[in-house]
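Based on the sequences and whatever the hints tell you, model everything.
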Amino acid sequence: MIRILQQDNRITKIIFAVIIGFAVITMVITLVPGIFDNATTNDASVYATVKQPGVFGRVFGESTPIKTVEVNQLASRQLQQQHFPDALLPYFLPRAGQILVQRAILKHEADRMNLQVSDEDLRRELQTGPFAQYLFPNGQYIGDDAYINFVQSAFQTTRGDFESQVKSDMELNRLQALITGGVSVSDNAVREAYKVDGTKVKFDYAVISSDDVRKTINPSDSELQAFFKTNAARYANAVPETRKIEYVSFDTSNLPGGKPQISDADVLAYYNAHKDQYQVKEQVKVRHILIAVPAGSDAKTDAAAKAKAEDILKQIKSGGNFADLASKNSDDPGSKTQGGELGWLDRGKTVPEFDKAAFTLAPGQTSDLIKTQFGYHILQVEEKKTAHLRPLDEVKPEIVPVLEQQRAGAAEQTFASALAADAKKNGLEKAAASKGLHAVTTDYVAKDGVIAGLADGSALLTQAFSVVKGADPAPVATGDGFAVFQVTDVKPAHAPEFADYKSHILEDYREQQVPQLLSAQLNKLDERAKVLNDLKKAAAEMNVPLKTSDLVGKDGQVPDLGAMSGAGSVAFSLPKGAISGPINAGRVGVVLSVIDKQEPTADDIAKNFNATKDKLLNDQREEIFRVYIGELTQKYEKGGAVRLSKRQAEPGLPAGN
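Residue numbers (the working numbering): 1 to 657.
Bear in mind the hints are in silico, worked out from the structure with no lab data behind them.
Take these hints with a grain of salt, some might be off.
[To be verified] In silico SDA-like cross-links for lysine to any residue, where the CA-CA straight-line distance does not exceed 25 Å:
1. LYS308 to THR337
2. LYS530 to ILE595
3. LYS597 to PHE609
4. LYS244 to ASP480
5. LYS259 to THR414
6. LYS281 to SER367
7. LYS547 to GLN598
8. LYS275 to PRO397
9. LYS195 to ALA606
10. LYS491 to ASP472
11. LYS314 to LEU361
12. LYS537 to ARG587
13. LYS317 to PRO333
14. LYS615 to GLY182
15. LYS215 to PHE227
16. LYS336 to ALA304
17. LYS67 to ARG95
18. LYS356 to GLY343
19. LYS554 to ARG621
20. LYS308 to GLN140
21. LYS425 to ALA411
22. LYS285 to THR366
23. LYS356 to VAL280
24. LYS67 to LEU79
25. LYS229 to PRO219
26. LYS281 to ARG390
27. LYS385 to ALA323
28. LYS607 to ASN618
29. LYS430 to ASP251
30. LYS530 to GLY566
31. LYS530 to ALA567
32. LYS607 to SER569
33. LYS384 to GLY364
34. LYS244 to SER458
[What the hints assert, rightly or not] Just the calculated beta-carbon pair ranges, DEER-fashion:
35. ALA578 to GLY296: 55 to 61 Å
36. THR128 to ASP311: 36 to 42 Å
37. GLY258 to GLY364: 51 to 57 Å
38. GLN82 to ALA563: 16 to 22 Å
39. VAL468 to GLN261: 38 to 44 Å
40. GLN225 to VAL450: 31 to 37 Å
On a predicted model such as this, the values are computed, not experimentally measured, just so you know.
Glycine included, C-beta positions come from ideal geometry on N, C-alpha and C.
Put into structure tokens, the structure is as follows:
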């Protein structure tokens, strides 16, 4: 119940992200060649602009900008959802940009068709659509303040932008419904589709794995040397660049004068400058008992709930234990087992009737019956906190570490700069010795290597590989302090010696040979199985393992072969007893023989008829709308209605003339 009263944003964030993110990300499935072959705009904050196609549209039509920040945000979300490293972000940007461009094109087309969404349409959608249970629980509006807080915490956006996004999604849904409204499928097509989808097969399958093939590839040294020579360009920079680095590191314990000290005056100054951080909101700690009245209940049900609540209130006023009565009678599962305990509540975070009573009663007081959209409540106030500023003495232990860290960081940076300047004049070793420190020189280390003497040497290595040999000493953070470094020598990337790199060359050689050998063995197995008309005998002759699947459908998985919707789907088209051709499933090759096949009965087809029909309709609608988007995008592109910024056009997206 308390989660309902407080409107938990963690849940809503997930739900709304799915609802709105789905509309944005899945609106477009394929990239359309040439979309950005147009004139460009110079505004770097704008990724692209979209207008109506044709001369009139380009000159007089309304322009829709796609902001660069929006493209970056969408690309980042896609990167996170697919669990790719951040380094791949540049490859996601063109895709994200086109999704937003195509969305803008669809919006222009929907506007042209007068499919705009009115404020009344929006209100009805929020009140009856997927948002209703959060904005209008049990038909009751949560209020403007709660709505605004809800949108801000869930989307980090304003109410206006949120409603604009919802309107846009509704308009595009109308466009899709209009374009695909005439789609239909025949009953016979539905039955045939389920006949295919509902068929199950069981089969023997012989598996030739890449790993097994690789083990048979054992070239001589002369063959490897020939491979190494032939692929000289491949190995030209196989040994990465390495650098020798001299550095001096230190932390706060090495600072002249020691660790910076924080005075009471420093604390007071910080406190006065950050008082907003130490403001405590008005809060109340309460217990409650809920006798629920389901939404839409009749008067009789309401009266029964009220009578029960009145009887419990009477027991409390006669000396009954509130917590015991809550545990026995409350309909709020979230607080019932804690004797009705809700904990500390901020003002304005619960429904108005509950909120008013909670902040009106004094500690120790019990309310009369309180009617809300959830039913009848009895509320008991335990403690109260008035809005106030936390005193300095209370927050001082929190402020001192912050100031110490700030002062230490600034002092370390100042000391590092001074040390770097001294090292530039006198050399790093002398500069270090004058400060009681010791200079260290690494072995040759790669950019992705490790500097053992530092807590975090990544920043030092990144910076060291961006400067030339002998560049002036420079300071850099090291995780627990600072270092001043200088690159003393560089070994460029180069080709390895054959003997040193032999194991790598062997793996590369094998990897190159595997596909061809796998294919050859797979074809041989297939031919022998067809000659013998027996997969088991052919597999035994070639010493290839033979396995047997379970009875599986198209949604099933088979070890080694993987999803039956993939390469193994050929099994569903074969009659019982038939042997397949060679099946290349990536890292394995398979030949299978069907030993059992079960097709769905007429009753099975009838039971799944409606679900199959809906799936076929949805698939066809998606395909039709996908084609429509592609054609519409090309129309806008050819009509000069899409302009990409020059800055975005450079990395592989031609800006045209």
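Status of each hint after checking the structure:
1. LYS308 to THR337: The given pair, whose Cα atoms are some 19 Å apart, holds under the 25 Å limit.
2. LYS530 to ILE595: Distance ~15 Å between LYS530 and ILE595 Cα, so the pair holds.
3. LYS597 to PHE609: 21 Å, holds
4. LYS244 to ASP480: 22 Å, holds
5. LYS259 to THR414: 13 Å, holds
6. LYS281 to SER367: Cα-Cα ~23 Å, so holds.
7. LYS547 to GLN598: With a Cα-Cα distance of about 20 Å, the restraint between LYS547 and GLN598 holds, given a limit of 25 Å.
8. LYS275 to PRO397: Between LYS275 and PRO397 the Cα gap is close to 15 Å, so the pair holds against 25 Å.
9. LYS195 to ALA606: Given pair LYS195, ALA606 holds - Cα atoms ~11 Å apart, limit 25 Å.
10. LYS491 to ASP472: 19 Å, holds
11. LYS314 to LEU361: Within the cut-off at roughly 18 Å; holds.
12. LYS537 to ARG587: 24 Å, holds
13. LYS317 to PRO333: Since the Cα atoms of LYS317 and PRO333 sit roughly 24 Å apart, the hinted pair holds (cutoff 25 Å).
14. LYS615 to GLY182: Since the Cα atoms of LYS615 and GLY182 sit roughly 16 Å apart, the hinted pair holds (cutoff 25 Å).
15. LYS215 to PHE227: 18 Å, holds
16. LYS336 to ALA304: Cα-Cα ~20 Å, so holds.
17. LYS67 to ARG95: 14 Å, holds
18. LYS356 to GLY343: 16 Å, holds
19. LYS554 to ARG621: Answer holds: LYS554 to ARG621 is near 22 Å, not above 25 Å.
20. LYS308 to GLN140: Distance of about 24 Å is within 25 Å: holds.
21. LYS425 to ALA411: Answer holds: LYS425 to ALA411 is near 22 Å, not above 25 Å.
22. LYS285 to THR366: Distance of about 12 Å is within 25 Å: holds.
23. LYS356 to VAL280: Given pair LYS356, VAL280 holds - Cα atoms ~19 Å apart, limit 25 Å.
24. LYS67 to LEU79: The hint holds at about 19 Å.
25. LYS229 to PRO219: 15 Å, holds
26. LYS281 to ARG390: 10 Å, holds
27. LYS385 to ALA323: 22 Å, holds
28. LYS607 to ASN618: Distance of about 19 Å is within 25 Å: holds.
29. LYS430 to ASP251: 19 Å, holds
30. LYS530 to GLY566: Holds, at about 23 Å.
31. LYS530 to ALA567: Roughly 20 Å between the alpha carbons, so the hint for LYS530 and ALA567 holds.
32. LYS607 to SER569: 24 Å, holds
33. LYS384 to GLY364: 10 Å, holds
34. LYS244 to SER458: Status holds; Cα separation ~15 Å.
35. ALA578 to GLY296: 55 to 61 Å: Since the Cβ atoms of ALA578 and GLY296 sit about 59 Å apart, the hinted range of 55 to 61 Å holds.
36. THR128 to ASP311: 36 to 42 Å: Given a distance of about 37 Å, which is inside 36 to 42 Å, the answer is holds.
37. GLY258 to GLY364: 51 to 57 Å: 53 Å, holds
38. GLN82 to ALA563: 16 to 22 Å: Distance hint for GLN82, ALA563 holds at roughly 18 Å.
39. VAL468 to GLN261: 38 to 44 Å: Once the Cβ atoms are compared, 41 Å apart, the range 38 to 44 Å for GLN261 and VAL468 holds.
40. GLN225 to VAL450: 31 to 37 Å: 33 Å, holds
In the structure shown, no violation is registered for any of the earlier numbered hints.
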